[in-house]
Amino acid sequence: MPEPVVEDKRISLKEVTKKIPNGAHIAWGGFGYQRPPEAFAMELIRQKKRGLRIYTCGSEHDLDILVGAEVCLEFEVAFFAIEALGLAPNLRRRTKEGKVRFEDYSNLSMALRFLGGALNVPFMPIRHLLGSDMLTKARLRKDKAKVIDCPFTGKPIALLPSVQADFGVICAQRVDPEGNTQIFGIKGEDNEIARCAKTTIVFAEEIISNEEIRRNPDLTMIPGLYVDYVVEVPFGSWPMQVYGYYDYDLPHLQMYVQQCRTEEGWQEYLEDWILGVGSHEGLLKKIGEKRLKALRADKVRGY
Amino acid sequence: MPEPVVEDKRISLKEVTKKIPNGAHIAWGGFGYQRPPEAFAMELIRQKKRGLRIYTCGSEHDLDILVGAEVCLEFEVAFFAIEALGLAPNLRRRTKEGKVRFEDYSNLSMALRFLGGALNVPFMPIRHLLGSDMLTKARLRKDKAKVIDCPFTGKPIALLPSVQADFGVICAQRVDPEGNTQIFGIKGEDNEIARCAKTTIVFAEEIISNEEIRRNPDLTMIPGLYVDYVVEVPFGSWPMQVYGYYDYDLPHLQMYVQQCRTEEGWQEYLEDWILGVGSHEGLLKKIGEKRLKALRADKVRGY
Amino acid sequence: MTEYTSTEMMAVCGSRAVRDGERVFAGTGLPVLGALLAKVTHAPNAVIIYEGGNVDCQNTDLALSVADSRLCYKAAASIGLIETLGFLMMGGRVDLGFLGAAQIDEYGNINTSYIGEFESPTVRLPGSGGGNDIASSAGRIVLMFTHAARKFVKKLDYLTSPGHLQGPGSREKLGLIGGGPSLVVTDKCQMDFDEKTKRIRLKSVHPGVTVEWVKENVMFNLIIPDKVPTTPEPTAQELEKLRSLDPQGIYLGKGQR
Amino acid sequence: MTEYTSTEMMAVCGSRAVRDGERVFAGTGLPVLGALLAKVTHAPNAVIIYEGGNVDCQNTDLALSVADSRLCYKAAASIGLIETLGFLMMGGRVDLGFLGAAQIDEYGNINTSYIGEFESPTVRLPGSGGGNDIASSAGRIVLMFTHAARKFVKKLDYLTSPGHLQGPGSREKLGLIGGGPSLVVTDKCQMDFDEKTKRIRLKSVHPGVTVEWVKENVMFNLIIPDKVPTTPEPTAQELEKLRSLDPQGIYLGKGQR
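Residue numbers (this note's numbering), protein chains in the order written: chain S, 1 to 303; chain L, 304 to 606; chain P, 607 to 863; chain H, 864 to 1120.
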């Protein structure tokens, strides 16, 4: 009789990034300052990927470095800035250069598009967007949204095309080798993203055992059935935050927003913090033990 | 400066049941043997409610006693039987008498109808039901479902009318006085039901403090914002089960299925276990401390 | 040869339909016994999902309900119905679904709702439950029920869950993503479906059952190949493991061996 | 009278717009300061929701992001975006939403997406985020931004989020359930909306600001009532509490008082 095999989906950040072809469409997890795939964004830059299209509600520093390095210039997205600190500097510049193309949606629209993709239905209805230019002004899609008369109420309702991207990428606190994923704190739209993609990648701060997962099935936000690759990346969302693990690096973000207002400043940042360090490990070394320790979360407060 | 008031939504089983008018439409929580609102069903019978319509995926003993007592004879539902034990005996008899009217859906259909109600959109799309008589044969609704050609794919897709019932009723493990609700183990369609109703009632095995809730916001499945009434009812799902609290009472269920095959048997059951005991407290007394103790869950296994 | 009951034969046939590594949707009763047996014999990596919300279950005690607390024990996740029937099933992520039936027709279409006229039914059956959802979207379907002529009808009293509908291409036309029924297991025989016509076909008869008997106990024109093999009997190992899965005989029956 | 900055004046005006017991959707920045100030002054039972997924927050430290870990602290629930913008907001369960704007028109329609032509924009702004969702479904909307003539335009470069659209009845025609904008707070004045025409109207000018100044710094025909009161100044208590909410001056600015 054959023995059950525990499927091991672990892979390194470098290797998993190699699996992303140029031109891939990626549903991008994280929300605002919370759990964005920063280490992955940086590795995409190091590997000089081109022509990506990203689908997300809102992201910030992670997307802005991808725009700066011209890895991704097409977005179906709701929000793009560095919250509380200002507009995203590379985005601002690349937009003026006419290089970036947006398909604009609202946050709920994008989350519902992922939900529709997860359910494998072609669209989701929404009461919003009606009356907005988002409904009518399109750049990337012929079928950005459709308005129909609801067959039940007779009133107009918007239908949004579901998203089933080539890749879904999220950062989580804990995952086991089979991909069973625990997310603590807010989930943003990550549960939907992990379920709507053709290939799903989970980056986690910590790998835990399958036994640990099965001890508390209520905590599994994403069953391993949806997950293709598992990547352990401590501080994988730096300079942003992961609830329960570390806080955002505010001085670094302030420096970023300031310095990258010019192309020269950005090129310097790119060299100093992404290319020059060579790898995520190199980056952590550059940040330094002391700084990382200072960012670590108080376990009670979670930040 | 005014002080914050902790809103106390607690009320007794008797009083909350008085708030259900005859003819009310109720979205009914619990799934299979798990967390059905049994104590509430029994109190509806004691208070001689009439003309209810129930919306649910599947329920079993709880619905069958409502049919027996002719409290509810209209259902929009996917499944109605006593799983593993056979057909629901009262249902079988009342159907032959021509008294029960069904609008048949599938489990996913009903869950999506609740999700649509929670999202406050008029319908939800589904790939299922196509080709089935459920799509075309209707009894209670003119608008049971609509099939449209999808404006994105051109292929047929079914649209299901959302449910926003007068009442949503669920049983949970723990709730605070403001209605913040923790559910452990499977959730069935309860998260959606609690969010789609005009008035939501949570029955819980245990009331815990608001501080306890706020200690772990990840465990809150239903924020109190959706909840209107909170009712503490230990063993509120007996003779069915509540994960982590108690197991089902299999001998009782087997007796029920056997005895209620005849109207006389049912009338006897009704008198012995529902009317005669006068109240939920009376019922627990009749079941007896010893039996209840035997049903209590092992805290590790949860049953 | 160990003795066995026809119920045990059914469970073993169900078990053999499960391939290793598959994602299996099983309701309670014989299907789940079959899936569990597969897991402890030839398909240790089968993943069992129950529609109530439990995913990748490793329960040690037999469940009475698809929402049974027993299914939470060591599950990989314990979520809800939109997870299992929506994201997983309608999402096209389930390989195999087991279903029962009160009636099927020659295309494997399924009735689990009403016997008699829709307007005044004689019997109200359990209804679809998740059946329609599973039949619409699972990679393939295995049907299991005890054999009786009245269950194999030319025309269903009610079509609850789609089999191959009106034959080749009709599922595709409606955009149903699942492959439809591939196997019918009764206590007398196994049937599969002719690839070209999608009509039901005798596959094997259980030991002691004649092709003639099956023919007489099906109320439509069953395709019968020239050679109909006998279903291989349960092995001693299969029987031993099966009985240990249901020591109280909840689904296998007590002492009827 | 305590001295105060125009930023503090804005936060206090925002605070005063919150009624006790209301469910408030606040983005980061001045709106959240206003909502938090309301909670520690006249509206202790206001419930604050952030779109990332935190519900009924009681955080003690100021958040930079609507998904900030600080917002999980003692929250009643920590779920996701479909919870907050879907079930709560589109579900019609939110009383008040705060929004910012780069441009508004005389019906309170909002641009937060582009400056310049859509085909070749000069500036890409943050976009809708949850703004369109909030503007479509919140019971009422309070807009907050610093005053500049270029922000009050006859025609928006891009309509991101619906105000009163083309005037009376136009929201209802599209089935938008929210009441639309009810108040605009700038560092110079407050504006509300004429009930009949749904057009924007001067409500009060902050101390030291003239009606004439406002008129000149709005690029459309502002409705100006015969009597325009002066906005009541922040009280000492309001200022004290406000400053204690942002001790580092993250939103209020440092030392500019």
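Calculated directly from the structure, the hints in this document are not laboratory data.
The structure presented is a predicted model; accordingly, all values stated were derived computationally and were not measured.
C-beta atoms are modelled at their ideal positions from N, C-alpha and C, and glycine is treated no differently.
The reader is advised that the hints may include incorrect statements.
Cross-link-like lysine to aspartate or glutamate pairs, in silico, EDC-like; alpha carbons within 16 Å at most [claimed, not checked]: (1) K1059(H) - E1079(H); (2) K402(L) - E377(L); (3) K440(L) - D763(P); (4) K1014(H) - E1079(H); (5) K1036(H) - E212(S); (6) K680(P) - E211(S); (7) K458(L) - E778(P); (8) K680(P) - D298(S); (9) K937(H) - D298(S); (10) K779(P) - D452(L); (11) K1018(H) - D133(S); (12) K137(S) - E1079(H); (13) K146(S) - E377(L).
A few chain S positions that, by computed beta-carbon distances, are all more than 10 Å from chain L [as the list claims (entries may be wrong)]: (14) V5; (15) K9; (16) A138; (17) I148; (18) F235; (19) G278.
Here chain P is said to cover these stretches of chain L; the calculated rule only asks that three of the stretch's residues, wherever they fall, bring their Cβ under 8 Å from a Cβ of chain P [unchecked claim]: (20) 334-341; (21) 378-385; (22) 392-403.
Going through the hints against the structure:
1. For the hint linking K1059(H) to E1079(H), the alpha-carbon distance of about 24 Å lies beyond 16 Å, and the restraint is violated.
2. Restraint check for K402(L) and E377(L): satisfied, since their Cα atoms lie roughly 9 Å apart, inside the 16 Å limit.
3. Taken as a hint, the K440(L) and D763(P) pair is honoured in the structure, with Cα atoms around 12 Å apart against an allowance of 16 Å.
4. Among the hinted pairs, K1014(H) with E1079(H) is consistent with the structure: their alpha-carbon atoms are about 12 Å apart, no more than 16 Å.
5. Between the alpha carbons of K1036(H) and E212(S) the distance comes to roughly 53 Å, so the proposed pair goes past 16 Å and is violated.
6. For a cut-off of 16 Å, the pair hint linking K680(P) to E211(S) stands: about 8 Å separates their Cα positions.
7. Among the hinted pairs, K458(L) with E778(P) is consistent with the structure: their alpha-carbon atoms are about 10 Å apart, no more than 16 Å.
8. Taken as a hint, the K680(P) and D298(S) pair is broken in the structure, with Cα atoms around 30 Å apart against an allowance of 16 Å.
9. Among the hinted pairs, K937(H) with D298(S) is consistent with the structure: their alpha-carbon atoms are about 14 Å apart, no more than 16 Å.
10. As the CA atoms of K779(P) and D452(L) are separated by approximately 12 Å, the hinted pair is consistent with the 16 Å bound.
11. Annotation: proposed proximity of K1018(H) to D133(S) holds, straight-line Cα distance about 13 Å (limit 16 Å).
12. Under the criterion of a C-alpha separation no larger than 16 Å, the hint pairing K137(S) with E1079(H) is inconsistent with the structure, at around 32 Å.
13. For a cut-off of 16 Å, the pair hint linking K146(S) to E377(L) is broken: about 36 Å separates their Cα positions.
14. For V5(S), the requirement that its beta carbon stay farther than 10 Å from each beta carbon of chain L is met, with the minimum near 26 Å.
15. The beta carbon of K9(S) is kept farther than 10 Å from every beta carbon of chain L, the shortest such distance being approximately 24 Å.
16. Even its closest Cβ contact with chain L, about 14 Å, leaves A138(S) beyond 10 Å, as expected for a residue assigned away from the interface.
17. Interface exclusion of I148(S) from chain L breaks down, the closest Cβ pair being 7 Å apart, not more than 10 Å.
18. Taking the minimum C-beta to C-beta distance to chain L, about 22 Å, the non-interface status of F235(S) holds against the 10 Å cut.
19. For G278(S), the shortest C-beta to C-beta distance to chain L comes to about 37 Å, beyond the 10 Å cut-off, and the non-interface label holds.
20. Requiring three or more residues with a Cβ within less than 8 Å of a Cβ of chain P, the coverage given for the region 334-341 of chain L holds, as 4 such residues are present.
21. Figure legend: the region 378-385 of chain L, annotated as covered by chain P; annotation consistent (5 residues with Cβ-Cβ distances under 8 Å, at least 3 required).
22. For the region 392-403 of chain L, the proposed coverage by chain P is satisfied: 6 residues have a C-beta within less than 8 Å of a C-beta in that chain, meeting the threshold of three.
The structure fails hints 1, 5, 8, 12, 13 and 17 (numbered hints given earlier, in ascending order).
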